[in-house]
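A.B. asks: Assemble the complex: chain A is given as a structure, and chain P must be docked to it using the hints.
Sequence order for the protein chains is A and P.
Read in order, the letters of the first sequence correspond to residues 1 to 476 in the numbering used here.
Read in order, the letters of the second sequence correspond to residues 1 to 219 in the numbering used here.
These aren't lab readings, by the way, just hints derived from the structure by calculation.
Here the structure is a predicted model, which means the values were calculated and not measured.
Glycine included, C-beta positions come from ideal geometry on N, C-alpha and C.
One or more of the hints may lead you astray.
If you want the footprint, here are the derived chain P segments under chain A, 3+ residues with CB under 8 angstroms [to be verified]:
1. 3-16
2. 102-111
3. 201-208
Residues per chain are reported as follows:
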Amino acid sequence: MNVAVFACADEPAIRHEGDDVVGIRGLCREPMLLVDAVGEATRAVLLLHERAHDLADVQKALRTAELDPLGVQILEVSAGVDEVELDVAVAGLQHRAEGFAGSRPEHAKPVLRGEVTRRGLFRPPNPVYLVAPMIDQKACAAADGCRACVDVCPQDAYKWHQGRIHFNKDVCEPCGRCVSACPTEAISNPAASPTMLAAQIDAIVEAGEAAIGIRFVCSRSTQLATATGWFDVEVPCTGMVPGGWLVSTLLIGAGSVSVLPCSIGGCPLGLDQHSREAVDFARAALASAGLEPESAPIDSANAEPKEPVAARSLQHPFTRAGDIQTMLALDSFSEEAFSVVHPGSSVGVVTIDPETCTLCTQCAQTCPTHAITAAYEGNRVSLTFDASSCTNCNQCTIACPEIRRGAISVTGRADAELLRSGRRTVHEGVVAVCEICGNAIAPTSMMARIGELLGEDFDDTMPYLSHRCMDCRGLT
Amino acid sequence: MTDWADIARTRQGLYRFLGGALLSPSAEMFDVLAQAIGVLEQRDIDMFAFSRDLRRLGRHFPADVAGDRLDVDYIRLFASGRSGALSPPTESYYRVPAKGGGIAEFVAEMQREYRSMGIGSVGLDEAPDHISTELEVMAYLCDLEAGAWMDEQTRLAGEVLDLEIRFLRRHLAGWVPLLQERVHAAQPTAFYRDLVDTVHSFVVHDKDYVRLIRDGIAE
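One chain only, chain P, in its complex shape:
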């Protein structure tokens, strides 16, 4: 990687890839994902601690959605309704019991948060607190950050990094470990086990790494 914009673009690609992999699987989408991970693996990802998880995940591609019963496992793990899925992929499932209040309030608050960041929609049909939506929001922020670096707008890059830090801390870094634990407990296929491990590893890393970049920007 040559510069910070490049790193932001790689992170954007990773968020988008992982968000896509956590949507309902289809043969067409997995073809796209196979190409995407091929591109990502060509980047200089071994400089990051999460690369071993990503490479392990990469070995599942090209994947046979029907043959490997990924569609069945997806429904079992994530898509049998809030009460039926073994490991619901929505933040409210993990956070509302602890924080109190209702799911509707929680999700509405997330929508307000997205609007405050200038995000009306991320183009997904999933709920605002769905894992794929949240990963896509981070992809969007990384895109903004990369643009700021490209335009040599360090101050703007710093402001976007602040948004990334806040979003990661308030949301993904808080509940992805809980999701990972639930998925593991549900004895998933190797693909979904490695997928949630990679999401967990990447999010935990990004929370620390983004903070480092922010702290390092010269005033």
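Bound conformation, chain A alone:
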């Protein structure tokens, strides 16, 4: 992968020429100058002056240069920036660009800035392309009943219909909530993929000579200054960043981590609460691991970053597997077994109430990650649960027909012991068997509940239904 770095060489100079950055005079005003400069590069980082360029023109020039604009990293540089810090930021963006795996046509969401004029007498505006999420239908668990994206989308861009998720790109204001909330990782944003984020943070940590602070910033934000040693990692909206990601960032080697929402007035998508919850979870997790938040500060980009807690090797941070790895890594700091209970946890624990659960197995059928499974053996049925697969998505509670009686509940809980314990049986019962053919009919607890709901009028019928399967009813 060949990543080139281009900088506008207009005054005030962003970079001195002579290093690995190609300076182009007039680049902000005339992005088409890129076309002759790109050469063999397949990825790019652009260093442009703050608010001095038109994004539509830049994207157009990148297409002419045969680069995918959705993967090109643009850094707006203000006058007087520290050159050493700029070097570190550029190293991060180079690695982020390198991690770009390409986009699909569905990912591009055009936006027109300006009104379509009645007479069309002047030049129509060039579209600017935002990055919209896209569902991989093959990985999507909607057919099993999962609708986690529908639940979290602040714009109602997702609808579940007949076992399929329908996405309305027109109303989507790309925030990435669906991407981080999808239990099966079926929704992608190619411009902020886990690989790209991890590569960027990793490179910043590697390149930085002193303690590093990582600040997740919303793509809509006007980026406020931070204390020395802080570096920004842009995400579509900070509301998409789960608490586990903040902890992972510390374990990659950052000394501090922070979240900058898009504006002081609040997130226009109403996702501030999620950012606060993420920060709160991360603090609770660190405290549970015996790491005082003061030694690894979260949400304080005004102070100098701390020394890293202790870097741990994380294979795939910002993924489902990475979340589990992160929680298990925290356990290595903890004197007692690590355990944190918090609604912002992206790991959950399912509890079944044996008194009210009828063993209908709807939860197992719906669970998008197969954390809950149902198994039939002889005349017994059992529900099993594996905490390391549970994403705290709560789809099982939505599917449970006995939820009002508290048959199932999910707690946001990351518990090292449970994560390591593997699959265990959480409830089991007997299955009624057909007296004629011997095939299973249904769990006896379920038949009892049906009888209870039908009432006394069906007292005579229930024994019959409980002893004959569908195929054998009516046979003498």
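C.D. replies: Below, chain P without anything else, positioned relative to chain A:
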């Protein structure tokens, strides 16, 4: 590009070009297509997200139909009858199993839809649900839209845009991704792979872009 009429004309040209490229290939037709893409590439297409696909496709021209075995690949992919082709280019193949009903009903419904838009025939021998027919229908609508912009009839342009949006959503945007998937699975020649990629990329884009223009028209 200077105005909305110009953009509509470019889109018309693209629909017509792509529809033509998905007909049975001949040396004469590919000469015409080579000229057409030359003209299209001179337009300001890099302002649109699909331009990279179109430029990749453009590199195949001038194409040697027989030498590159495009005629053989066309038959293998699209023209061996409904059950024999690896990736039939007709909407009913992809939509009828899901929607239920028969192919005849589906195609008859499409004919009724064309008549309701004032289209008797688009001048092709292909079925109403053939990819080239549907692309040609969009070309026709773009032509109407361009005329409306030229005559400064914003309201009429808006009405035509509504037809375009509806047609794209009901038809092309729904099944072109399925066609693309089938073509890719059939391991086509680079030409047909890049052609269906461009059709897919352009249709997906146009569905969003046309809606933007419509929403932006001042009331």
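A.B. asks: Does each hint hold? Answer for all of them.
C.D. replies: Do the hints match the structure? See the list:
For the stretch 3-16 of chain P, the proposed coverage by chain A is satisfied: 4 residues have a C-beta within less than 8 angstroms of a C-beta in that chain, meeting the threshold of three. For a cut-off of 8 angstroms, the count of residues in the stretch 102-111 of chain P with a CB near a CB of chain A stands at 0, and the three-residue condition is violated. A count of 4 residues in the stretch 201-208 of chain P with a Cβ less than 8 angstroms from any Cβ of chain A is obtained; the coverage claim is therefore met, three being the minimum.
Hint compliance for this structure: hint 2 is the single one not met.
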